[in-house]
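Trainee: So the sequence lines, in the order shown, correspond to chains A and B.
Everything in the first sequence is counted per my numbering, starting at 569 for the first residue and increasing by one.
Everything in the second sequence is counted per my numbering, starting at 569 for the first residue and increasing by one.
Please note that a few of the clues may not be correct.
[What the hints assert, rightly or not] Below 25 Å or equal to it, Euclidean Cα-Cα: the simulated DSS-like pairs (lysine-lysine) are:
{"#": "1", "chain 1": "A", "residue 1": "LYS572", "chain 2": "A", "residue 2": "LYS662"}
{"#": "2", "chain 1": "A", "residue 1": "LYS800", "chain 2": "A", "residue 2": "LYS769"}
{"#": "3", "chain 1": "A", "residue 1": "LYS800", "chain 2": "A", "residue 2": "LYS752"}
{"#": "4", "chain 1": "A", "residue 1": "LYS752", "chain 2": "B", "residue 2": "LYS769"}
{"#": "5", "chain 1": "A", "residue 1": "LYS752", "chain 2": "B", "residue 2": "LYS752"}
{"#": "6", "chain 1": "B", "residue 1": "LYS752", "chain 2": "B", "residue 2": "LYS769"}
{"#": "7", "chain 1": "A", "residue 1": "LYS752", "chain 2": "B", "residue 2": "LYS572"}
{"#": "8", "chain 1": "B", "residue 1": "LYS662", "chain 2": "B", "residue 2": "LYS752"}
{"#": "9", "chain 1": "B", "residue 1": "LYS799", "chain 2": "B", "residue 2": "LYS662"}
{"#": "10", "chain 1": "A", "residue 1": "LYS575", "chain 2": "A", "residue 2": "LYS814"}
{"#": "11", "chain 1": "B", "residue 1": "LYS752", "chain 2": "B", "residue 2": "LYS800"}
{"#": "12", "chain 1": "B", "residue 1": "LYS572", "chain 2": "B", "residue 2": "LYS752"}
{"#": "13", "chain 1": "B", "residue 1": "LYS752", "chain 2": "B", "residue 2": "LYS799"}
{"#": "14", "chain 1": "A", "residue 1": "LYS662", "chain 2": "B", "residue 2": "LYS769"}
{"#": "15", "chain 1": "A", "residue 1": "LYS814", "chain 2": "B", "residue 2": "LYS752"}
Honestly, the hints are just simulated from the structure, not real lab data.
This is what each chain is made of:
Number of protein chains: 2
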Amino acid sequence: MKPKRLKLLIAYDGRLFTGWQSQAAGNGIQDHIERALAKIVGSPVRIHGSGRTDAGVHALGQVAHFEEPPQTRTTARWQIALNANLPPEIRILKVTRAPGTKQGFHARYSATGKRYTYRIWNDRFLHPFELGRAWLVPYPLDLATLRAAAAVLVGRHDFAGFAANRGEPDESTIRTISDIRIAKRGPLITFTFEGEGFLYKMVRLLTGSLIRVGQGRGDLAWLQAILSGAKKSNHCAPPDGLCLAKVFYR
Amino acid sequence: MKPKRLKLLIAYDGRLFTGWQSQAAGNGIQDHIERALAKIVGSPVRIHGSGRTDAGVHALGQVAHFEEPPQTRTTARWQIALNANLPPEIRILKVTRAPGTKQGFHARYSATGKRYTYRIWNDRFLHPFELGRAWLVPYPLDLATLRAAAAVLVGRHDFAGFAANRGEPDESTIRTISDIRIAKRGPLITFTFEGEGFLYKMVRLLTGSLIRVGQGRGDLAWLQAILSGAKKSNHCAPPDGLCLAKVFYR
């Protein structure tokens with residue numbers, strides 16, 4: 569029998585941290601949660617996240633798991649103990665015992681898809697309440713053009729032209745985007761991306777490229793040329809507007 | 569003829585500042601705007617706000633005015649120049665030439681009323697996106713009780729029992745609250761207060777006292793006793809949740 573795993577649903581404001589991944593400086597979100605766990609359990613505990621988020625990127629629904637230690641407690645007690653030992657910019661929204669499937673639950677390998685949102689503040693000045701939470705785009709954006717451009721990207725494509733190289737040359741760059749929704753409410757435009765998985769910096773490169781097209785500085789043929797491998801996009805949107813909204817599991 | 573006045577509509581995230589009012593340390597919101605104006609105009613400019621907000625209190629619609637200097641510019645240029653010289657936590661949302669009434673426009677004396685909002689996060693833990701922007705109340709709150717309690721406070725009353733003394737003994741403590749609305753969306757409860765004017769810390773004392781009643785730790789008779797002058801409330805809600813939403817002018 570596989571050992572029981574505890575599954576964490578995590579929200580964070582990414583501004584103060586170097587990203588999800590554990591770092592030598594100890595300021596990754598993973599580092600903070602592992603330190604909190606070590607303090608509670610009394611010995612080192614390794615956690616496994618659904619995937620990395622970059623410095624400054626937020627999460628409403630990051631997921632991680634760890635092996636349940638021998639001296640355990642109720643899930644409600646785990647949540648209280650963790651939040652009491654974490655900086656207030658990181659909160660554990662939920663703790664559950666992972667479903668006991670044959671393969672065992674794994675935050676990364678059991679994930680079937682992800683949802684990211686990207687918030688754009690389309691006005692002349694960034695509202696103070698949106699600092700670090702949205703990207704200021706002070707040019708007119710045509711919503712119909714944005715939606716037509718997004719439709720080009722949906723589907724199964726080689727997204728190598730929308731990825732930053734992270735030194736993993738053998739990784740396939742083919743991914744399926746199942747949906748891109750674009751909503752506007754006042755000056756706030758929200759892009760919602762759903763897909764089975766995303767390459768490194770892919771959502772930010774897709775967003776930056778869509779905004780180029782929305783401004784009229786690129787067209788659908790340019791996007792198609794990137795998808796076909798003829799070009800690479802270097803229009804990367806800043807981390808501020810990006811949020812890992814949800815990780816899907818079967 | 570009165571000199572022309574320029575009217576500023578101002579939003580700020582109050583966390584980094586010592587409040588609206590100019591302070592010796594120079595970190596009042598007024599200080600920042602006056603420094604930006606002095607830099608633009610080349611000589612000191614005094615601004616007049618609609619009223620003070622405390623350290624940590626936010627604004628979506630603070631109003632201030634200043635005398636238009638001889639070397640002037642369009643209102644759009646004023647807005648660009650001011651925002652370029654202000655910290656990003658303070659934004660000028662709008663600049664207009666003040667209406668030329670007989671008495672002359674005055675941000676404080678021409679105001680006929682104010683709207684404040686107070687945001688309460690009613691859950692076990694404060695969401696990281698609400699840090700500094702809402703008050704965490706982790707106890708069950710009864711909405712019907714809150715609304716009944718709010719109804720007791722609406723109207724013309726002596727609010728001395730809901731005010732902190734700021735050393736202005738001669739000031740009347742009679743005020744009229746025209747409306748208190750209470751809205752709930754998920755864990756977020758928003759109180760909206762409207763009235764001709766509010767005493768020092770009055771909105772935070774009203775909020776803290778309403779929450780006592782909503783928790784069942786005070787009742788309507790207790791609120792009435794405070795209004796009648798028999799008691800004083802010392803239940804002051806933290807600044808985090810408070811926002812000056814709008815200043816009304818005729």
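Trainee: Hint numbers the structure violates, sorted upward?
Mentor: 3, 4, 7, 8, 9, 11, 12, 13, 14
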